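Colleague: Below are the chains, spelled out letter by letter.
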Amino acid sequence: MSDALNIAPPNTIDDAAGPSTAPLIELSAVSRTYTVRKAELRAVDRVSLAIKPGKVLGVVGESGCGKTTLSRMMLRLETPSSGVIRFRGTDIWDLKKEGLRDFHKSVSAVFQDPYSSLNPRHRVEQVVMEPVRVNFGRKATNAGRIGELLHSVGLPATAGRMYPHEFSGGQRQRIAIARAISTNPELILLDEPVSALDVSIRAQILNLLKDLQAASGAAFVFVAHDLGAVRYMSDEVIVMYLGAIVERAPSEALYVRPRHPYTKGLLEASLPPDPRSPNLNSSIEGDLPSPINPPSGCRFRTRCPLAAERCAREEPELREIDFDHRVACHYAG
Amino acid sequence: MTQMSGQPALLEVKNLRTYFRTRAGVAKAVDGVSFSLQQGRTLGIVGESGSGKSVTMMSIVRLIAKPAGRIESGEILFEGKDLLKLTDEEMRRIRGDQIAVVTQDPMTSLNPVYSIGNQLEEPLRLHQGIKTKSVLRDKVIAGLRRVGIPAPEMRVRSYPHQMSGGQRQRVVTAMALECHPSLLLCDEPTTALDVTVQMQVLRLLREIQREQRLSMIIVSHDLAVIARVCDDVAVMYAGRIVEKAGLVSLFENPSHPYTKALMRSLNGETDGKGRLHAIEGQPPDVRQIKRGCPFAPRCREAMDICTSEFPPEVVLSPNHTTSCWAVSAKIGSGPR
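Chains A and B supply the protein sequences, listed in that same order.
Under full-length UniProt numbering, the first residue of the first sequence is numbered 1, with each subsequent residue one higher.
Under full-length UniProt numbering, the first residue of the second sequence is numbered 1, with each subsequent residue one higher.
With the rest of the complex left out, here is chain A (with noise of 0.2 angstroms):
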């Protein structure tokens, strides 16, 4: 497997966009502390990637591993408490009127749950058009367009006057996607998008999810708890632990051969069961360290079937031990 990989062209990621492309969004070394009762919680740490036009980056991580810290600034949300994140190479907290303008034309949200993320005493084309409304004007706001959205997201014309209460979950995430596509962004941030969604249902967003970004072109963050969904969208997938990355990889390889002790236990815990013999055992055992004191050197060594002396002294980096696959581990091999 591995010569393969070693011998395997260069990756997608650069490959399709060409290695020249230049990210879309870019995060150096960007952490987000918080004070809680005078303790500091680093919720991100050091996280640095890149994003080209029309890529998809998986983010993976348990509760509290910062995942939706990280896009939250990402969606300038929230300030980074230290490092830069440049769109289009500026960075997004120097944007001012015109820039910042377009910085919210050309990116977008859908959040996890479609009950509290939508205005219930607006009609859907309210919520839906808000966007272009804010952005464009009334006038650019007709019903031509509203009506366009709601067929692209697989839902009547009709529904445009309806209110959200009348809709199921997975019909309301329908219009989340269609309000979250209606500037033609570059960059949608889909925090737990399917999540909250029924097992029927996932799949029919998978694929709209999909579709839309086949067509869009635009360049989506993907974050989710679910490894499954993750794979099935994304070309690189991040996966994050108390807020850092602690593997980074083309999205194949990571499943094919993932390499950082965390994820492989990640992967067998969601794989599917086997009925004749049940599987319970996993390789992590224990429950998330407190992110307030995190464990000294390697965060994971607390749960980790490899951890040894030199873990707990020395805080493993992000080392490339494969073509674009990076982890943080001292002995992952």
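Source of the hints: derived by calculation from the structure; they are not laboratory data.
Do not take every clue at face value.
[Claimed, not checked] Label pairs and their calculated CB-CB ranges:
{"id": "1", "chain 1": "B", "residue 1": "R70", "chain 2": "A", "residue 2": "P120", "range": "27 to 33 angstroms"}
{"id": "2", "chain 1": "B", "residue 1": "G25", "chain 2": "A", "residue 2": "E130", "range": "30 to 36 angstroms"}
{"id": "3", "chain 1": "A", "residue 1": "R319", "chain 2": "B", "residue 2": "G281", "range": "45 to 51 angstroms"}
{"id": "4", "chain 1": "B", "residue 1": "I305", "chain 2": "A", "residue 2": "F323", "range": "56 to 62 angstroms"}
{"id": "5", "chain 1": "B", "residue 1": "S34", "chain 2": "A", "residue 2": "N281", "range": "33 to 39 angstroms"}
{"id": "6", "chain 1": "B", "residue 1": "K260", "chain 2": "A", "residue 2": "G286", "range": "35 to 41 angstroms"}
{"id": "7", "chain 1": "B", "residue 1": "E75", "chain 2": "A", "residue 2": "V134", "range": "25 to 31 angstroms"}
[What the hints assert, rightly or not] So, partial list: chain A residues that the calculated Cβ filter (under 7 angstroms) puts toward chain B:
{"id": "8", "residue": "L206"}
{"id": "9", "residue": "S277"}
{"id": "10", "residue": "P278"}
{"id": "11", "residue": "E309"}
None of the values given here were measured: they were computed from a predicted structure.
Cβ atoms here follow ideal geometry from the backbone N, Cα and C, with glycine treated the same way.
Use these hints to put chain B onto chain A, whose structure you have.
Modeller: Only chain B this time, still in chain A's reference frame:
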């Protein structure tokens, strides 16, 4: 096999109907559900939100919100006696003692202003009449130790918010097990937990079940959870059980089109074009169930009869039944 000859079932639910009256009409949340559970076995009930799986479970302990909700008809035979005929007081004595419930969200099912030690003493005081402080404390500590809480002597003084989600789930499980129930009902026991912690809690449930020969019902939307701990599975859709089978039989020969679709999504299967297999359409609104099979509008194998009459149960093997016209048509025309 499920049916051990001669031995009466610990729990037998017959034709249960639980309806809720809402402004938008009567919601037939559970509409004619029957199943039985033998001593020492674990039944999984799988279904989506609104399928009636939780209402079925809560009907067994008669915790249905009044006055909107009502158990309209049916029998729930527990050790031979019909729970629906008991007075509220008689039911209260069984609930938490012989039949215990592990609820879904350990954040909201524990009281935030009492220490967990204090909360764990309550069932012992109420059901076993233990009053001595030191005896209560010892029993609570032993209970916490059994579910794998580290340093239980210290933890009894903790409050729910000081514990992680996985630990709170263990505390709720310890509380349910305190009075040595013969039947344990678990409503989405791992849904609120992270994947790596889910495995630990499922392993705990299976160990306890085996050690004590406990009978369990586990309700979940996730077939992967069911597959890891259950012996038998009932698949619910829109208030009805559409397929019932032993675990292996269900996984190897799913026969109802809805079960088959669930299996495909569990395995993340894609079609020839690399797209995920999806069930088109929406689950029905249980306030507006039409005649016939509730899955018919989304079913690829639907025939005319499916929209007019609910299919009768077909027996595929002694341990495998389903309610589907397409399946009965296939069997009817086959060599058997």
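Colleague: Which earlier hints turn out false for this structure, listed by number in ascending order?
Modeller: 7, 9, 11
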